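2 protein chains.
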Amino acid sequence: MARIAIDAMGGDYAPKTIVEGALWAAQEYGIGLELVGRKEDIEAEISRIKSIGYVLSDCGTKGRKRRIKIDVDKIDYTITHCSEVIGMGEAVGQSIRRKKDSSIVCAVQAVADGRCEAVVSAGSTGAAMAASLFGLGRISGITRPAIAVTLPRTEKPVVIIDGGANSDCTSGMLTQFAQMGVAYAKLSLGIENPKVGILSIGEEEGKGNELVKETYPLLKQMHEENLIDFVGNVEGKEVFKDKADVIVTDGFSGNIVLKVTEGSSSLLLNMIKSEFKSGFIGAIIGLLAKPFLRRILKRVNWEFFGGMLLLGVRGISVIAHGRSSAYAMKNAVGAAVKVLNKDINSKIAEKIK
Amino acid sequence: MARIAIDAMGGDYAPKTIVEGALWAAQEYGIGLELVGRKEDIEAEISRIKSIGYVLSDCGTKGRKRRIKIDVDKIDYTITHCSEVIGMGEAVGQSIRRKKDSSIVCAVQAVADGRCEAVVSAGSTGAAMAASLFGLGRISGITRPAIAVTLPRTEKPVVIIDGGANSDCTSGMLTQFAQMGVAYAKLSLGIENPKVGILSIGEEEGKGNELVKETYPLLKQMHEENLIDFVGNVEGKEVFKDKADVIVTDGFSGNIVLKVTEGSSSLLLNMIKSEFKSGFIGAIIGLLAKPFLRRILKRVNWEFFGGMLLLGVRGISVIAHGRSSAYAMKNAVGAAVKVLNKDINSKIAEKIK
Chain A
180 MARIAIDAMG GDYAPKTIVE GALWAAQEYG IGLELVGRKE DIEAEISRIK SIGYVLSDCG
240 TKGRKRRIKI DVDKIDYTIT HCSEVIGMGE AVGQSIRRKK DSSIVCAVQA VADGRCEAVV
300 SAGSTGAAMA ASLFGLGRIS GITRPAIAVT LPRTEKPVVI IDGGANSDCT SGMLTQFAQM
360 GVAYAKLSLG IENPKVGILS IGEEEGKGNE LVKETYPLLK QMHEENLIDF VGNVEGKEVF
420 KDKADVIVTD GFSGNIVLKV TEGSSSLLLN MIKSEFKSGF IGAIIGLLAK PFLRRILKRV
480 NWEFFGGMLL LGVRGISVIA HGRSSAYAMK NAVGAAVKVL NKDINSKIAE KIK
Chain B
180 MARIAIDAMG GDYAPKTIVE GALWAAQEYG IGLELVGRKE DIEAEISRIK SIGYVLSDCG
240 TKGRKRRIKI DVDKIDYTIT HCSEVIGMGE AVGQSIRRKK DSSIVCAVQA VADGRCEAVV
300 SAGSTGAAMA ASLFGLGRIS GITRPAIAVT LPRTEKPVVI IDGGANSDCT SGMLTQFAQM
360 GVAYAKLSLG IENPKVGILS IGEEEGKGNE LVKETYPLLK QMHEENLIDF VGNVEGKEVF
420 KDKADVIVTD GFSGNIVLKV TEGSSSLLLN MIKSEFKSGF IGAIIGLLAK PFLRRILKRV
480 NWEFFGGMLL LGVRGISVIA HGRSSAYAMK NAVGAAVKVL NKDINSKIAE KIK
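Same order as they appear, the protein sequences are chains A and B.
Under my numbering, think of the first position of the first sequence as 180, with each following residue one higher.
Under my numbering, think of the first position of the second sequence as 180, with each following residue one higher.
Treat the hints with care, since some could be wrong.
The list treats identical chains as interchangeable, and a pair is accepted whether it falls inside one copy or across any two copies.
[To be verified] Below, in silico cross-link-like pairs of lysine-lysine (DSS-like), each with a Cα-Cα straight-line distance of 30 Å or less: (1) LYS469 / LYS365; (2) LYS244 / LYS416; (3) LYS521 / LYS253; (4) LYS279 / LYS386; (5) LYS530 / LYS456; (6) LYS195 / LYS386.
Since the hints were derived computationally from the structure, they do not count as laboratory data.
Computed from a predicted structure; not experimentally measured.
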């Protein structure tokens, strides 16, 4: 049975939603857990769930909670106590080095020591990245690890890489992101021949910033060598069309894409809600329309994909959203489960050589 | 009476929607027009509108068209013939220099010569920018002109600067964008003391890419000198919250914000439409919900703001969306009208000194 290390202390609602989501995932995917953090806090949380027998969580639709039965006795879990937690605002490099007994460092160590196959954390993204990089090491040949993020679309989802690990990038890094993104899209999303694009402003070759102009010919050459299927520049509005399956970009722009998508979608949904509240008839129609809008909300919700995979490190490391609910955490663990036993790292290593 | 030069040949549906929108704007805002382009094409379009007496256009809601009565005889317009057009795919620098008789170059010239107070073009953004820069010149002290874009939000709109004029920027350029953006938000949107933020990935000082890290202390210093009200980093999802009124960024990231907002909103609205089409009851509820969704569509539609202002050139130059409908074009002219007689350029020049 595969075992996943959980940073039980990371996340805005930790350890509550983290432990809930992890137990839910263990039950749903049939995996074992190593819960890492303050022992008494984790135990208290587990006792609570055990005594009531369920977890209460929305399932991708805010405001409507469901009871998910959890049979704690059937779940194979261990608790690894550690005393420290790295907070969201802390300087990453320092805290990783100083707080050797922090939940994220210890959770990564469980993978490094071979007790677990993957680690999942909803704590500080920077800390999770740094802990994974120091604890697991880079895949040989990889310049910098990158975050692969999956965004929902009408048909197939799209992978954005880098989603925020590297604010400033070189063209060489971007060509590696392309290779890693392709491996991820194939193994995790089952896309046979992923089309690779580069995020830019303008469709034609030669449009974009210096980084894009430098990277474009390199990706084109990789295309000619049949290493990737490169489709050229992808504009911001084309991200959500079927032009590319993997979109390569620096971590700054990639993160902007994710966060703007989150922000504009939630603005739009809030506008719809308030529009329906603007009168009696509106309220009734809004009530009728609710189940439909809820289905949409579920489809576009980031919680559905739960976690972003850190690619390029020697192990599986999933970074979950800081605001993860139990549902989001369950799906983040699911994102790790999807690539378990698929040897994604050796497949990346092969490509990079 | 103020007079506005219109590049009648620029835009995907030119000259039809361009002439329609310009006449509509002339009537609505009481301005005169100089329509620049192929004389026979423009005249044919005007005759058509004159004979039917109206313009048929959606008004920010796709698919539902309204008739807008246009009394052509009451509109003060002239036509300036020129023979050439610069296409969307053409290399900008070359075409501006070679095609001296192109509609965008001649329309800018009408402002440079003092016949018009502003120029509006829905043609190639690059060509409109280059023509404006060469034809009007830079405001003294400004390193690079930038595009100010207004995005709708629940309460006040937000100004993003640069929206795509400069793919690669320096920190010095960004501090000027802040000054220009503040002048624009005050004069065009009537925001008294605009809060200025810098687009970044992470809220705290010290987070972001190299450009952000370099620019942050400069903006902070301007804040301490009471030149601007600087609120710090603005993450992608905070763009749509009330954190900042003016968001400073390089043209690459700025354009990504705009296009991703456009793309993700239209994905969401399409999902809603298809969800309502998924069954008989859904179709009925969808029909009832339509007027509500239409109001939303109108509020979030880029066509409502129609045009982006090119700031930093000595004159008023508005760049409209390539896919401008008559409604979008009318609003783009409206964006120019909003800053007429407000002496925005000398106000920018004062700040920069």
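#### Entry: Earlier hints that do not hold, by number
Per hint list: 1 and 5 violated.
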